[in-house]
Structures are given as structure tokens and as C-alpha cells.
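K.L.:
The lines below spell out each chain.
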Amino acid sequence: MNVRDHITINNVTKMKKVAIIFFGIVFILLGCNREDYSPYSYSNEATIYSETNNTMFRELLVILKPYIEFNDQKKYIITDIISNVVIKINDKDWGKFNSLNVDTSLFIYEIYNDYYATDDIIKYSVIAPYQTSKDTLTTAGEYSDLLNNFFTLEPGFYICEIESFEIKLINGNKQMIKPFIVIPIEIKQNTRSSFIGEFDILVN
Amino acid sequence: MVMKARIIILGLITLVFSSCMEEGKVQVQNKVHNVILESISYGDVSIYYSLLPGEKSEKVTIWDLRESFPMTHQLDFYMVGDGNRVYLKTKESYELNYDETLLIVITDSTEVINPLLD
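Chains as they are written, first to last, in my numbering: chain A, 1 to 204; chain B, 1 to 118.
There's no promise every hint is true.
Within a straight-line C-alpha distance of at most 27 Å, the following computed DSSO-like cross-link-like pairs (lysine-lysine) qualify [as the list claims (entries may be wrong)]:
#, chain 1, residue 1, chain 2, residue 2
1, B, LYS4, A, LYS14
2, A, LYS174, A, LYS88
3, B, LYS4, A, LYS16
4, B, LYS4, A, LYS17
These aren't lab readings, by the way, just hints derived from the structure by calculation.
All chains, please: the whole structure from these sequences, using the hints.
P.N.:
Listed below in C-alpha cells is the structure:
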């Protein structure tokens, strides 16, 4: 074997390598493979979240203290929960909420008219984040409205109204109370929530 | 000679594989008010990164086996508005046949699903 033959063999080997690489690339590009167009990887834990670094306003807080008068004395109504607290801001629905649960076993109470009541002050705390007007969003337009109104209160003053709530009676029925609480509230820049106040509410 | 023959055989195999492929095109338009649609995907295929309201994507070609057509997929995307974001899928599945261009227009009335709540 002379030098010329050796060079020829080397060239053929190089061509083989080039051909293998070429066809490898062709196979990768044209191969019958469904994975050619890789999808983005999405999380199923979809949620709505904010990209801004500012503290965003999320919720209103209020404490309700419903009571009855018995022999000119305040008797605070005791039940596990106050339900369907309707809150309006500037005459627009903010949402309908239940209070946090109250452990009634901690108190000594008696029956007064249609209610269980006690001399102790019973505070029902209501945490009220913004709710959408619909329970179930079904269209892209509704989601757009939600995203653009998710934190609906810009800094400033608003008129807040506790329009109504419901209390459970002894017989298990619910009584709707309309307390007519109307109060101005201020939403400050970079605050997460606003405390509306504590309200003693006479139930007749 | 042997080398030439191998190249020809490989070429033929490549042609056979590539000839079983077909293409369809998908285009998406965002007609939802006040939101951007991001990371739009048709089934496993990424269609477009971001569409402003009213904007239409380019036609994205999907190659697949002829027997994979007509393919039917939902469109999924991130909807972004006012710094907030949600992941959604269209309720409807859209059918794409080969040699066709499928235009999917997402409007305010397009029914969508939030997989978290599904």
C-alpha cells in the first residue's frame, strides 16, 4: 500500500463519517416523530397571581356584634356563624361572605325570644376579599373582567355599606338582618386590607 | 461503490419517511378585550408567545403523519391582564386537516376552562 492509497482510504472514512452525521441530522429533522414540536410545559396548578411588586389591596375586614335588648340590657346573640353578609362599596356589590366560626361552647348562654344570647360580647369577624359577580366564569371575556378587576380598589375614599346578613334562630331558621351600616373607608397605598370597624347591631 | 450504495439507500429511507409527513397550519387571533394571550399552544404544538388584543399570529406549520390528520385539540394559553395571570383552555376543540389553515379566533364569548377548577 503506497501513500496515495492511504490518503484515499482516509478520505473514504471521512466521507462515511460525514454521510452518517448528515443522515443523522436529516432523520432528526424529518423523522416521523410527534415530539418534533415540543410543547411548553404548563402547570396544572393554575391560579391568578399578580406580577407587580407592590402590596395589592385584597380584602375588607369587619366585626359584627348583633344583640337584643332584654330588660334594657344588651344580650349578645350567640350562634356558630353569621352568614351571607352582603357588602357594597360605592353602591356596587363587593361580595357575600360568612363570618369566621365562633366556638359557642366557650360561653354561657340562655334563650331570649328566638335567640341564644349571652352577657358576653360576641364578635363575629368577617373577612371579605373581592368576589366576582358570578360564581363560575365560563368565557374568556369574563376572565378578562376578573383579571382587570381582581384588585378593584385603588387608593382613595369609598363608601362601604353592610347591607344585610343572616342569623340562625333557635328553631334553625335564618333571619335576615338589615343593619344599615354605611361608613366611609380609606384605602391607602400599599396596604393589603382595610378594617371597616366593629359594629353593635340591635336586632329587633 | 459500496459507499454510494449506502448513501442512496439512506436517501431512499429518508424520502420514504418524509413522504409520510403532511402539514397543516394554525393561526390564532386574540379578540378578547384588555388582555394579552401568552404561550399559546394547540395540543402539543406551541403556536405563539404573545398576542395583544386584536393581534393575529403568524401561520404556524404543523408537520405530522398523514394518519394523524385530522387532528383535534383544544387551545391553551395564559391570559394576562393588569399584572394578573390565569391559565386557561378553550372548551371547544378545533379540528385541523392537512393542507388546511385553521384560524382560531378567541373572543370575549369563547368558552374557556380553568383546569384548577375543573
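K.L.:
Does each hint fit the structure? Answer for all of them.
P.N.:
Hints versus structure:
1. LYS4(B) to LYS14(A): holds (14 Å)
2. LYS174(A) to LYS88(A): With a Cα-Cα distance of about 21 Å, the restraint between LYS174(A) and LYS88(A) holds, given a limit of 27 Å.
3. LYS4(B) to LYS16(A): Judged against 27 Å, a Cα distance of about 10 Å means the pair holds.
4. LYS4(B) to LYS17(A): OK: LYS4(B) and LYS17(A) at ~13 Å, within 27 Å.
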